[in-house]
Each structure stands twice: as C-alpha cells, then as structure tokens.
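Visitor: What follows is the residue order along each chain.
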Amino acid sequence: MTDSKNETRSRYAEEVDREIERCIDRMESKDYTFPPRMTRKDYWFIGIFIVICLAAIIVGAWL
Amino acid sequence: MQHTNVNQQIEKESVFGIVPVLKDKKIYGFLDAVLILSGYCIATWSYTQGSYLASLVGFRQLLIGAFLGALLMLAIYQLPVILSVRYGIDIWIWLRAVFGKNGTAVMSVIIILINYPWYAVCADLFASSMSNLAALCGVQLSQPTIVLLRILCVVIGTIIAWKGIGAITHTTRILVPLLLALGVLVIIVGFTSVPFDVIWNYTAKPEGYDNSIIPYIISIEANFAFVITLVGGMAEVPRLVRTERAGYWAGVLGQGIAGSLFVVVGAVMAIAMQYVTGKMVDDPTVMLATLSVPALAFSSLLLVAFANIGTQAVGSYIYGVMLKSTFKKTSYHILILILAAYVIGLCIWGKIVEYFGSFLTISACIYAPLAALLFTDFFFVRRQTLDLRSAFDLRGHTLYRFTGGFNLVGLGCVAAGIAISLAIYDPVNCIVHCEPLFYLTPTGASFIGTGLLYYLLSRIPFIRRYLLPEKAAVSQNGR
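These protein sequences, in sequence, are chains U and A.
Its first residue numbered 1, the first sequence is counted upward by one per residue in our numbering.
Its first residue numbered 64, the second sequence is counted upward by one per residue in our numbering.
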C-alpha cells in the first residue's frame, strides 16, 4: 500500500512538473499575450485613492 | 477506499493547484471575483470585531476606521496581486524568491498557527449563541457544557472537511447566503429597534487611556490587523481573473467593503444592545431575541449555527490543503485532525475572545512584514521579474535555494518587522512603548519599517548578489 502511495505521489509530482514546464514555455513563446496590465493612469488613481483614505483617517481623529 | 479517494483528490488539488493559470484558462471577470472575495471574508467573527471597535471609539470614527482603514491597508498590500494575474501563480510561489523554498514552508506553517485561532473565535460564538438561547428558555448551561459546545462546532466542521472538496463546495453554497441573510436581519432589527441618532451619535467611553487619541489609533490598528490577515490567501481568486485591474480592485473592494460592512453591523448590534440593556453584546442571537420577537432568535439559531460550523469546515479544508502542499507525505485527514486538536486546545483555554485585540495585533506582527516583503520585492527589488522555473524548483533550476533552502535576508527582515511592532506596542498588556511611532499603528510601522529595511539591504552589493541570483542567469519572461 505504501509503495503504491509513493508511486502515485511521484507520478503526480512528475505530471505537475511537466505541466508547469509546459505553462512556462507557453508564457515565454512570442505569440503568448499576457493579461492586460495596469496602466500609468491606474497607478495614479490608486495613489490618489490611498491619499484620500489616509486623509480621511487623519481627519477622523478629530471627530 | 473513500478515504484514499479523498486523500488523492486533495493531493491533486494541492499539487495541481500550484500550476500557473494561463490566459485562456482565466474564468473570472471583476464582478465574479468581487462576489467570491466578498463571501470569503464574511464570517460571524466580524461581529466580534465590530463590538470590540465600539468599545474603543464613537460610531462616526468607527465608520471611518472600518471602511477607510480597511480600504487603505488593502489598497497598499494587495498591489502585488497583479503578479498572480500576470503569471497565474500564487504569491507563495513568488515568496520562494524572498524566503527560499524551506523558508516559505516554515512561513506558511507559522501563518497557519497564528491564523487558525480565528476558528476558536468562531467556535466560541457558536457556543455562546447556544448558551444564550438556552438561557432564553430558562436553562443555564454550565461552563463545561459551554466548552463542549465549542468543541462540538470544531468536530462537526472537521467532519464536513473530512469528506473533501464536494462537501466543502456544498457548504460554501449554503454558507454565504446564510451569512448575508443574518447580516440583513441584524441591520433591520438594529436600526428599527433604537432611534437612528442613538447609533449615529454614539460615543465610547474607553478607560485607562491618558491620551484620548490612543483608543482611536488602537481601533485603526485593529482594522489594519483585521484585513491584513487576508494576505495569505489573497492570490487564490486573482490568479483566475482576466485583467490586472479587475484582479486588484476585486480584492480591494470585495474584501474592503463586504468585510467592513459586517464589522459595522456588529458594532450597530453592540451599540443597540447597550442602549436597551446597558451591556455590549456581540452575539446576534441574543440581540435578535432582545430587540425583536424571541421566535426570530430561534430561527437565527439556525443561521448562526450553520454559519459557524460552515466557516469551521471551510477553514479546516483550506488550511488542510495548504499544509498538504508543505507536508506532501502526510495524509490530509491527519493534517485536519492536527488542526482540530489545535483549535480544541484553544477552545478549552477559552480566552481567545477576551484577548481578541491582542490576538489581532500579534497575528499582524507576522502578516505586516510578510506583506511588506512581498510588496517591496515585487516592485523595487526584483522589479516584477522572476525566474519561474527556479521558483517552482524544477529539476536543474536552483537559483532560489539560497542557504539550505532559507533566504536569510528575507527571514531576518521578518524578525526585524516583528521586533518593530513589539517595540512600539505591547499587544498583550496594551502598553504603548513609543508614542510617535504608535501614530503609524504597529502594523503600519512594521510594514513601512520592514519594507525599507529590505530595500536598503538589497542596495548593498554583496547582499544584492545573494538576493538576486537570477541577475547572473537568463531573466524570466513577462516583459
């Protein structure tokens, strides 16, 4: 039973390593398109959002 | 046979769960992700948090802290989630470059140890609800019986988790609507049974603080600490989201608004109960029985009982799978039994709710440095590139082995982050050691301090060579 469990485990491990390698190869290929990235505008918006939250928390101390 | 099948399913889940999710396999848009992440962070312990905050600050300050404090912390520490969308990987894969493979395994076990007490809070709420309902029927339960009820919640939750993925899927389909229904009930009863201005104008009277701003900062700290505990699982859903913007904002808004809403509901309940009975109560069953008709309290029993047992089951499953990916040779069933034994020990101790504020800050002591290191490493040290083959420890790719599998710099920075937090504030005895830094909150100061330390160390040439072995190797894709 233990040998068969170990066999199953290493079969899974090899299978998953092959699958990971395949995925990385796909990502490295020239025709792979990554999901749309955050833009400069997104980062600016996030920065403003953070500043507004921080300002409101500071103002809250005086309520 | 069924035992083996469940173990095999979990094994497949824990190993195949780490395979990168490519763009054509991504299944969620912004709305799907927001809904799932909203459900993930709702639990009855939100009422405990709300009641705790109401003991510190007035309602308006509580609203600001609960919503904007949570959103601020999420908006900052969730930024690295874009790596999960981009490469389809969990943050724990990236963190192998920060902690080393063995260091990451150690950190994930530590995270589980400090996070799992939430399920003792859950069990306590279950027992407290049952006990309060018994009291409504004129039956006084003894302390040993209350302890047994806590253990019962853990046992039933573990039994559900024992059955594996199928049982958990059914549980979550029932759990989230139940929790939402309970929240709606509490809101309606809370706002209709006491005048609105009683809640709006509520002010707390915390004792033992020389400076009146200290309770406010403690409440902000509690909000930071409450949301930063989500960092460990923050990438599970965004891995499956189609754009970086959607993955990021789903996490920030889903968790920041839904989670905070239930905290505020808990506070409303506690304030309403104090107005009517003179005592702050965080148990929705007692509140519904006191402020509306007792029949409603009995029906709420079902909601609370299922909610707490369901949360217990989901937690047991999630952490069982996490531990399985670290301890590959150990059976999933053994691992969830170990988790059950741990939380039963806490239930027998019985003081997790009494030390709730301390527990929040102690857990944030670990989470804040972890979040800071991920943030700093992703944006400023490794600058969004990673040797994926080494991160996955594929054969022949050993860049992130560091020193026996441990990145001493990353782990040293975690220790420094913990020290920063504890140097500022003693969470057990509630003593402020350094007031100027306390204004940043212990979690905030630890996040900033750890991030700065890690960045500055990465600028020292010999440390930089240690941290970035991939600079000497071929850079990974993604640009």
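I should point out that these hints are in silico values taken from the structure, not numbers from a laboratory.
Hints should not be assumed to be uniformly reliable.
What the hints assert, rightly or not - In silico lysine to aspartate or glutamate, DMTMM-like type, Cα no more than 25 Å apart, as pairs:
#1 A:K414 <-> U:D31
#2 A:K534 <-> U:E14
#3 A:K86 <-> A:D260
#4 A:K392 <-> A:E299
#5 A:K391 <-> U:E19
#6 A:K392 <-> U:E21
Visitor: Decide, hint by hint, whether the structure agrees.
Guide: Against the structure, the hints:
no., hint, verdict
1, A:K414 <-> U:D31, "violated (57 Å)"
2, A:K534 <-> U:E14, "violated (28 Å)"
3, A:K86 <-> A:D260, "violated (51 Å)"
4, A:K392 <-> A:E299, "holds (23 Å)"
5, A:K391 <-> U:E19, "holds (18 Å)"
6, A:K392 <-> U:E21, "holds (23 Å)"
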